[in-house]
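Asker: Single-letter residue listing:
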Amino acid sequence: MRRRFLALFLPPTLWLAAFMLVPTALVAAAAFSPDGFATLKDPLTLRMLGRSTWIALAATALCLAAGYPVAYFIAGCSPGRRNLLLFLVVLPFWTNLLVRTYALMFVLRPLEIESKVSLVVFALFHGYLPFMVLPLYASIEKLPRRLLEASQDLGASPAATFWKVTVPLTMPGIAAGCILVFIPVLGAFAIPEVISGGTVQLIGNQIDLHFGTTNTPAAGAMLTLVLMAATLLLTGLYFRSRKTEGLV
Amino acid sequence: MDEFDVSVRGVVKGFGGRRACDGITLQIRRGEFFSLLGPSGCGKTTLMRLVAGFESPDEGTIELAGRDMAGVPPHRRDVNMVFQNYALFPHLDVAGNVAFGLRIQKAPDIEGRVRAALEQVGLAGYERRAVTTLSGGEQQRTALARAIVTGPRVLLLDEPLSALDLKLRQGLQEELRRLQRSLGMTFLYVTHDQEEALAMSDRVAVMNAGRIEQTGPPREVYETPATRFVAGFVGSGNFFDGRGDGTMVRTADGLSIECRAVGDVTLMVRPEKVRVNGGPGLAALVEEVLYQGASTSIVLRAGDRRLVAEDPDARVRPGEPATVSWRPEDVRVLPK
Chain A
163 MRRRFLALFL
173 PPTLWLAAFM
183 LVPTALVAAA
193 AFSPDGFATL
203 KDPLTLRMLG
213 RSTWIALAAT
223 ALCLAAGYPV
233 AYFIAGCSPG
243 RRNLLLFLVV
253 LPFWTNLLVR
263 TYALMFVLRP
273 LEIESKVSLV
283 VFALFHGYLP
293 FMVLPLYASI
303 EKLPRRLLEA
313 SQDLGASPAA
323 TFWKVTVPLT
333 MPGIAAGCIL
343 VFIPVLGAFA
353 IPEVISGGTV
363 QLIGNQIDLH
373 FGTTNTPAAG
383 AMLTLVLMAA
393 TLLLTGLYFR
403 SRKTEGLV
Chain B
619 MDEFDVSVRG
629 VVKGFGGRRA
639 CDGITLQIRR
649 GEFFSLLGPS
659 GCGKTTLMRL
669 VAGFESPDEG
679 TIELAGRDMA
689 GVPPHRRDVN
699 MVFQNYALFP
709 HLDVAGNVAF
719 GLRIQKAPDI
729 EGRVRAALEQ
739 VGLAGYERRA
749 VTTLSGGEQQ
759 RTALARAIVT
769 GPRVLLLDEP
779 LSALDLKLRQ
789 GLQEELRRLQ
799 RSLGMTFLYV
809 THDQEEALAM
819 SDRVAVMNAG
829 RIEQTGPPRE
839 VYETPATRFV
849 AGFVGSGNFF
859 DGRGDGTMVR
869 TADGLSIECR
879 AVGDVTLMVR
889 PEKVRVNGGP
899 GLAALVEEVL
909 YQGASTSIVL
919 RAGDRRLVAE
929 DPDARVRPGE
939 PATVSWRPED
949 VRVLPK
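The listed protein sequences correspond, in order, to chains A and B.
Heads up: the first sequence begins at 163 in this note's numbering, then just goes up one per residue.
Heads up: the second sequence begins at 619 in this note's numbering, then just goes up one per residue.
A couple of the hints might just be wrong.
Here are some chain A residues pointing at chain B (derived, C-beta under 10 Å) [said to hold, decoys possible]:
{"hint": "1", "residue": "THR175"}
{"hint": "2", "residue": "LEU178"}
{"hint": "3", "residue": "LEU309"}
{"hint": "4", "residue": "GLU311"}
{"hint": "5", "residue": "ALA312"}
{"hint": "6", "residue": "SER313"}
{"hint": "7", "residue": "GLN314"}
{"hint": "8", "residue": "PRO320"}
{"hint": "9", "residue": "ALA322"}
{"hint": "10", "residue": "LYS326"}
{"hint": "11", "residue": "VAL327"}
{"hint": "12", "residue": "LEU331"}
{"hint": "13", "residue": "ILE336"}
No wet-lab data here; the hints were simulated from the structure.
Backbone N, C-alpha and C fix where the C-beta goes; we use that ideal spot for every residue, glycine too.
Isolated chain A (complex conformation):
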């Protein structure tokens, strides 16, 4: 019994220790240095963090605004159509992200959009939309129809039913989708790099720069830790909200 437990328990533990804890420890060791702390106080870093945050928020909001109707529509289809539509939602994943981003760049170029930031937000929204649609779909699909009927029966218009019943009951799906989009978008570097031609720098690009070009690993490590802390915080909040029972 004990041996079997060890046999199952040890390999993943060793794996995590070797490829997760050790690198994280190395990153932390590099970050907690005078250079690292100096980065935290650098106004440039703070501006970069601020910009990354609001761009990520904007992309997440766009994903939610576009993803909710899509997920709602799919959930209302017949089972056969649902599978087809879900397949179409994940189909873009079959193409490499960089290839998709270059393709998008060629599509957007004739529109002559001046604002590089807008282009970056749009490209991020485009790239991460499926991460929003899938958890939303899972949540909406589980919503019992009779609760919507009960709401209408009690005098709520379809719009009131949506805001007072559908949205609160699919909050776990909304939270999951927002986190799944917000976290990777906050650290994105390939899409902004390609789409803006390097003119819109996000925190991900900054980390890339520190490690790859300027050879200032302490600063890069500190920014990495900041991102990691944000991720942990959001995930923690999400799991606390999941404890609300009876929700879809």
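Starting from the known structure of chain A, fit chain B onto it as the hints suggest.
Answerer: Then chain B, alone, in the frame of chain A:
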């Protein structure tokens, strides 16, 4: 015409070629406790959903308080429904569920009205309880409070007691009836339980295969069933197919039953009207004696014929010969 809260005329509703409602006409008076009684799949729930506005009829009209409901969505109809599985909102507590309709209406004194409604259904003090922690009976009461608190003209109840155990069900039957009387609200009650329908209703409509077979007060439906289906579904009966000549009805297997019917008819005698060894009559053999507490069912066989009697005075045992009789006035004539 205004005295009718619900008027259904010639309503047809099909689902993929099958007609769930096949020409339904009924009228429910103001303040009446009206039951739709029928086996599952007879169309009674569909009819209720048509009245609530969740479905729209293919043919026919539905009027609420004299107003045609064609094209009126559920949220604009002055009816509330108590759903079979309660359909309480899990993200709201008991008070939140009950207040839902009032909040939509932006009604004054929501808190006071919620408290009053909870008192009416015997849930005083339950305001802050999460609905997921309630028992089945408590969920039922919450659903009821939520539906009556806005004072709808008609309350629709879709088998509201079917998920509860017998004892609780009987208690709630009485309570529902009392509540309906004190509110003076029109109740449209859907059930497949004939005892429930007979016990609670002012009038009952018995449905079968999308049609109403008979509408009337419980006693009338039970004692003078209009069709063989009604006779068999509302209570049980002993049936005899035969041909009458004005004094006697003769069956194919040679029985002669005193009855004034003429032509091809079905005769029915309720088990409780059948006497066993109560005098001269049909010779039969006792097959089974089923003791049921308050009553005893005696199953007898006369030739190929199976008869059921509920005679509290009979003292018979399986295997014994017995005579079976009834009074001529207890024979009901049904169209064949």
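Asker: Could you run down the list of hints and mark each one as holding or not?
Answerer: Structure-based check of all given hints:
For the restraint placing THR175 (chain A) at the interface with chain B, the shortest Cβ-Cβ distance is roughly 37 Å, beyond the 10 Å limit, so the hint is violated. A hinted interface residue such as LEU178 (chain A) counts as satisfied when its beta carbon comes closer than 10 Å to some beta carbon of chain B; here the least separation is about 36 Å, so the hint is violated. A least Cβ separation of about 6 Å between LEU309 (chain A) and chain B falls short of the 10 Å threshold, and the interface hint therefore holds. Hint status for GLU311 (chain A): holds, given a least beta-carbon distance of 6 Å to chain B, under 10 Å.
Satisfaction of the interface hint for ALA312 (chain A) is found here, the shortest Cβ-Cβ separation to chain B being roughly 4 Å, below the 10 Å cut-off. Given the 10 Å rule on beta carbons, the hint for SER313 (chain A) holds: about 7 Å separates it from the nearest Cβ of chain B. Hint status for GLN314 (chain A) relative to chain B: holds, with the closest Cβ pair at about 4 Å, below 10 Å. Hint on PRO320 (chain A) holds. Least Cβ distance to chain B is approximately 8 Å, under the 10 Å limit.
Interface restraint check for ALA322 (chain A): the shortest CB-CB distance to chain B comes to about 6 Å, inside 10 Å, so the restraint holds. A distance limit of 10 Å between C-beta atoms decides the matter here; for LYS326 (chain A) the minimum to chain B is near 8 Å, and the interface restraint holds. With a cut of 10 Å, the hint placing VAL327 (chain A) at the interface with chain B holds, because the nearest CB-to-CB distance is about 6 Å. Checking LEU331 (chain A) against chain B: minimum C-beta separation of about 6 Å stays under 10 Å; hint holds.
Because the beta carbon of ILE336 (chain A) sits about 13 Å from the nearest beta carbon in chain B, more than 10 Å, this interface hint is broken.
Going down the numbered hints, you'll see the structure goes against 1, 2, 13, while the others check out.
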